[in-house]
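2 protein chains.
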Amino acid sequence: MNAMILWSPGQTLAMAEIDMTLPSIGDVYVRLKAAALNKRDYWITKGKYPGLVFPLILGSDGAGIIGDREVIIDPSINWGDNNRHFGPGFKIIGMPDNGTLAEYVKVHEVNLYDKPSHLSWDEAAALPVAGVTAYRSMFTRGKVQKGERMLITGIGGGVATMALLFGVALGIETWVTSSSDEKIEMAIIHGAKGGVNYTKDNWDKNLGQQVNQKFDIVIDGAGSPTFSKLLPLMNSSGRMVIYGGTAGNINDLSPQRIFWKHLDILGSTMGSPDDFRHMVDFVNEYKIKPIISHTFSLDEANEAIALVGRGEQFGKVCISIP
Amino acid sequence: MNAMILWSPGQTLAMAEIDMTLPSIGDVYVRLKAAALNKRDYWITKGKYPGLVFPLILGSDGAGIIGDREVIIDPSINWGDNNRHFGPGFKIIGMPDNGTLAEYVKVHEVNLYDKPSHLSWDEAAALPVAGVTAYRSMFTRGKVQKGERMLITGIGGGVATMALLFGVALGIETWVTSSSDEKIEMAIIHGAKGGVNYTKDNWDKNLGQQVNQKFDIVIDGAGSPTFSKLLPLMNSSGRMVIYGGTAGNINDLSPQRIFWKHLDILGSTMGSPDDFRHMVDFVNEYKIKPIISHTFSLDEANEAIALVGRGEQFGKVCISIP
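As they're listed, the protein sequences go chains A and B. Each residue of the first sequence is one higher than the one before, counting from 129 in our numbering. Each residue of the second sequence is one higher than the one before, counting from 129 in our numbering.
Zero decoy hints are in this set.
No farther apart than 20 Å at their CA atoms in a straight line, the calculated lysine to aspartate or glutamate pairs in the EDC-like style are these:
#, chain 1, residue 1, chain 2, residue 2
1, B, LYS389, A, ASP209
2, A, LYS357, B, ASP380
3, A, LYS219, A, ASP209
4, B, LYS357, A, ASP380
5, B, LYS321, B, GLU301
6, A, LYS389, B, ASP402
7, B, LYS333, B, ASP380
8, A, LYS321, A, ASP309
9, A, LYS342, A, ASP332
10, A, LYS389, B, ASP209
11, B, LYS167, B, ASP427
12, B, LYS389, A, ASP402
13, B, LYS321, B, ASP332
For the record, the hints were derived by calculation from the structure and aren't laboratory data.
With the hints as extra help, turn the sequences into a complete structure.
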């Protein structure tokens with residue numbers, strides 16, 4: 129089969145034909161129709177990930193066919209029996225095991241779910257990582273309820289835009305932050321109530337004034353001292369879910385604000401098989417379509433990864449596989 | 129009645145005779161037999177508390193009699209209907225309303241609970257604030273389970289020593305940190321498995337090596353960058369409950385460690401009526417006796433407050449009321 133191969137860190141991917149090894153019992157090959165990228169793929173090309181073994185095939189998101197069945201792939205391998213956290217054998221498709229930037233990917237059959245019929249191939253490939261991460265963050269961990277008010281920081285990435293769609297679908301008043309006024313406008317077009325640019329002075333006070341109420345839940349993928357500025361904007365019993373840390377460590381976090389409001393700061397990453405199944409059910413029920421920012425063909429994957437690295441997308445960056 | 133009065137911040141308390149105002153419907157006067165101090169009382173004498181109105185009577189912990197009934201007082205006033213957090217009318221006995229460093233205190237009758245019969249008056253007075261704060265932190269918020277491993281930071285204060293007693297009573301393997309080797313020894317005498325002095329180099333690595341396992345729950349009243357060093361010592365799904373912040377803001381907190389282990393960082397302060405009732409039941413069931421560090425008489429209250437300010441106690445500092 130043809131695949132885009134990363135031979136060593138710092139290099140670009142190169143198309144090559146590789147052998148398909150015989151699948152073990154319980155494993156199957158999916159003929160991929162589309163893949164999608166995550167920031168993780170970009171970091172791996174830069175060698176910034178522990179335990180990298182080369183050569184490898186990137187890609188954690190994929191949708192395709194197996195026989196007559198149209199499927200999407202749960203990217204969480206060997207989560208284990210405990211819904212609360214993954215076990216020691218946990219890994220994500222696309223490193224160390226080969227990923228979806230290829231014509232075929234070998235996966236455990238239990239990781240396959242029926243592709244939601246209202247989604248195109250690109251939309252289906254855009255769903256798994258961002259969908260399950262957003263779902264677990266908002267529902268399993270953050271226990272968001274109708275009538276609550278949500279803030280999504282750093283709108284634009286896959287998880288953040290998916291959380292926006294989930295919130296809007298449920299009728300939850302959803303606000304956003306971004307370093308880009310354009311992305312805030314895009315978020316409003318997709319149903320956000322409003323947003324602020326966190327690179328501007330007093331963004332936190334301005335956000336508080338605009339909203340004129342406080343938040344019940346925050347979905348944050350950034351960390352950094354910016355996170356600490358959100359505490360005064362929280363309602364009592366607010367949940368602040370952290371699924372990423374692209375902006376670095378959190379500083380100036382006030383214990384007094386945390387205990388006085390009985391806040392929860394909750395870590396979440398990826399999702400269990402239960403999370404994935406509930407996410408797919410939710411997407412089917414509300415006919416949610418992931419936002420596609422850009423689509424590239426498989427041999428343009430380097431261009432696509434560079435775009436993800438620059439963080440210019442609003443929604444997912446997809447890869448069509450011929 | 130006689131009471132120790134704080135006339136203005138920075139001053140010492142002075143004994144004076146004051147009038148007892150007529151109680152409103154639902155309120156009663158308790159004839160106090162003992163009170164106990166909290167760090168809060170010390171901060172108030174220093175004027176370091178918002179909304180102080182002088183003169184005032186300090187003291188949030190008390191036990192006494194009303195008619196034939198021996199009672200302890202739930203110090204949380206007007207918690208409200210939501211167990212998850214207190215409502216806008218919430219206050220704590222002993223500022224703004226008059227507290228327990230007096231012969232009588234006026235309280236809502238619903239705040240009275242039968243004094244556990246196995247406790248002396250001093251022990252009963254030592255229970256309310258520390259007991260309910262430790263109980264809510266460990267059980268309602270931290271959801272500690274038998275078979276788990278607990279770390280209590282800064283052992284010595286009322287909440288920390290009460291959490292130690294609760295953990296030991298349940299058979300939970302409990303470790304401690306302190307700036308004092310002597311307090312670690314005291315904790316071990318009271319059932320802790322061991323501890324480290326956090327003022328020494330590599331205390332966190334030494335703790336990890338001593339324990340040779342990780343923690344499921346942390347009870348922290350300090351905050352500060354020390355808190356962040358605990359993250360590598362946590363098991364997945366660990367809960368880190370923050371009930372105080374005596375050492376200042378938290379820095380260098382890694383979002384990656386939070387999300388990868390699906391950690392919960394949970395704020396908790398005081399407790400609801402449900403928490404208080406469950407705490408009293410628990411104390412009765414396990415015949416728990418709060419650790420009394422020192423006992424002073426009412427007219428020695430200034431000496432007692434100074435001791436609490438210096439943090440020299442191991443357990444509660446009590447005030448006998450003649």
